[in-house]
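Enquirer: Use the sequences and the hints to build the structure in full.
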Amino acid sequence: MVIRAQLQFWQRAMAMLVISLCLSTTALANLAGPMTDGQHILLMRHADAPGFSDPAGHRLDQCSTQRNLGEFGKKQAERTGQWLSQQGIESAKVFSSPWCRCIDTATLLKKGSVTIDPALGSFFENMGQANQKTEALRQLVQKSLKQFPKTPIIMVSHHVNIEAFTGVVLGSGDMVLVKIGPNGKPISHQVLPGMR
Numbered sequence: 628m629v630i631r632a633q634l635q636f637w638q639r640a641m642a643m644l645v646i647s648l649c650l651s652t653t654a655l656a657n658l659a660g661p662m663t664d665g666q667h668i669l670l671m672r673h674a675d676a677p678g679f680s681d682p683a684g685h686r687l688d689q690c691s692t693q694r695n696l697g698e699f700g701k702k703q704a705e706r707t708g709q710w711l712s713q714q715g716i717e718s719a720k721v722f723s724s725p726w727c728r729c730i731d732t733a734t735l736l737k738k739g740s741v742t743i744d745p746a747l748g749s750f751f752e753n754m755g756q757a758n759q760k761t762e763a764l765r766q767l768v769q770k771s772l773k774q775f776p777k778t779p780i781i782m783v784s785h786h787v788n789i790e791a792f793t794g795v796v797l798g799s800g801d802m803v804l805v806k807i808g809p810n811g812k813p814i815s816h817q818v819l820p821g822m823r
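Quick note: the sequence shown uses my numbering, first residue 628, plus one each step.
Calculated from the structure, these hints are not laboratory results.
Quick reminder that beta carbons are idealized off the backbone N, C-alpha and C, glycines included.
Hints may be right or wrong, so weigh each one.
Between beta-carbon pairs, the in silico distance windows are [stated by the list, open to error]: (1) G715 - G684: 14 to 24 Å; (2) K812 - G678: 31 to 41 Å; (3) K737 - Q666: 30 to 40 Å; (4) F775 - Q713: 21 to 31 Å; (5) P820 - S718: 17 to 27 Å; (6) E705 - T778: 15 to 25 Å; (7) P682 - G715: 17 to 27 Å.
Each computed DSSO-like pair below joins lysine-lysine, with the alpha-carbon atoms no more than 30 Å apart [unchecked claim]: (8) K812 - K777; (9) K806 - K773; (10) K702 - K806; (11) K812 - K737; (12) K737 - K702; (13) K701 - K806; (14) K720 - K737; (15) K806 - K720.
Expert: In structure tokens form, the structure reads like this:
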């Protein structure tokens with residue numbers, strides 16, 4: 628049943644990825660405007676990490692047991708940080724999933740210290756947690772926008788989390804600028820393809 632759910636997820640994910648790539652818009656002239664209006668967050672899927680899922684028995688406190696960023700992924704994250712600077716984002720409140728590939732991506736953006744939050748953690752291996760994790764992410768987003776209304780907020784997570792929250796499927800290193808309503812739920816979004 629778990630394998631069947633994951634297969635259905637991947638089929639939906641691939642279809643949505645094709646649609647997202649076809650409909651993705653060009654970069655904004657100045658990302659700092661919407662990112663400091665107290666209504667937007669930038670969700671980013673971790674940069675390129677070769678492989679699929681995590682090895683059996685992986686541990687969150689041991690990066691060596693996880694699927695991690697490759698050399699391309701590290702450069703991709705650095706280039707994304709540089710691109711964000713060009714868009715007017717020199718510093719931000721940065722949140723990350725507890726997975727090392729997300730923490731490394733968030734760190735390599737060089738936008739400030741990284742806060743690890745379990746609400747951004749993957750539920751790929753336990754799809755039954757989707758609703759619980761999505762609600763936790765909604766609460767984190769709502770709280771963060773209230774706490775940091777004039778500060779750009781960047782959250783680095785996984786494809787399953789981002790799709791569940793926004794309905795958007797992102798490739799590795801891609802981003803989505805999300806406008807958030809008063810209830811902490813997305814009301815619109817703009818896909819921003821990652822650096823290649």
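Enquirer: So, for every hint listed, does it hold in this structure?
Expert: Against the structure, the hints come out as follows:
Distance hint for G715 and G684: a CB-CB separation of about 43 Å, inconsistent with the stated range 14 to 24 Å. Between K812 and G678 the beta carbons are some 32 Å apart, a value that agrees with the proposed interval 31 to 41 Å. Separated by about 25 Å at the C-beta atoms, K737 and Q666 break the suggested range of 30 to 40 Å. Here the CB-CB span from F775 to Q713 is close to 22 Å, well matched to the stated 21 to 31 Å.
A hinted range of 17 to 27 Å for the beta carbons of P820 and S718 is consistent with their spacing of about 23 Å. Separation of E705 from T778 is about 22 Å and conforms to the stated range, judged on CB atoms against 15 to 25 Å. The hinted range of 17 to 27 Å is not satisfied by P682 and G715, whose Cβ atoms lie roughly 39 Å apart. Simply put, K812 and K777 have alpha-carbon atoms about 19 Å apart, close enough for the 30 Å limit, and the pair holds.
Only pairs whose Cα atoms come within 30 Å are accepted, and K806 paired with K773 is accepted, the gap being roughly 14 Å. Between the alpha carbons of K702 and K806 the distance comes to roughly 28 Å, so the proposed pair stays at or under 30 Å and holds. Proposed proximity of K812 and K737 is supported: the alpha carbons are some 27 Å apart, at most 30 Å. At roughly 12 Å between alpha-carbon atoms, K737 and K702 fall within 30 Å of each other, so this suggested pair holds.
A hinted pair counts as satisfied when its Cα atoms are at most 30 Å apart, and K701 with K806 qualifies at roughly 28 Å. Among the hinted pairs, K720 with K737 is consistent with the structure: their alpha-carbon atoms are about 11 Å apart, no more than 30 Å. This hinted pair checks out: K806 and K720 have alpha carbons roughly 16 Å apart, not beyond 30 Å.
The earlier numbered hints that this structure contradicts are 1, 3 and 7.
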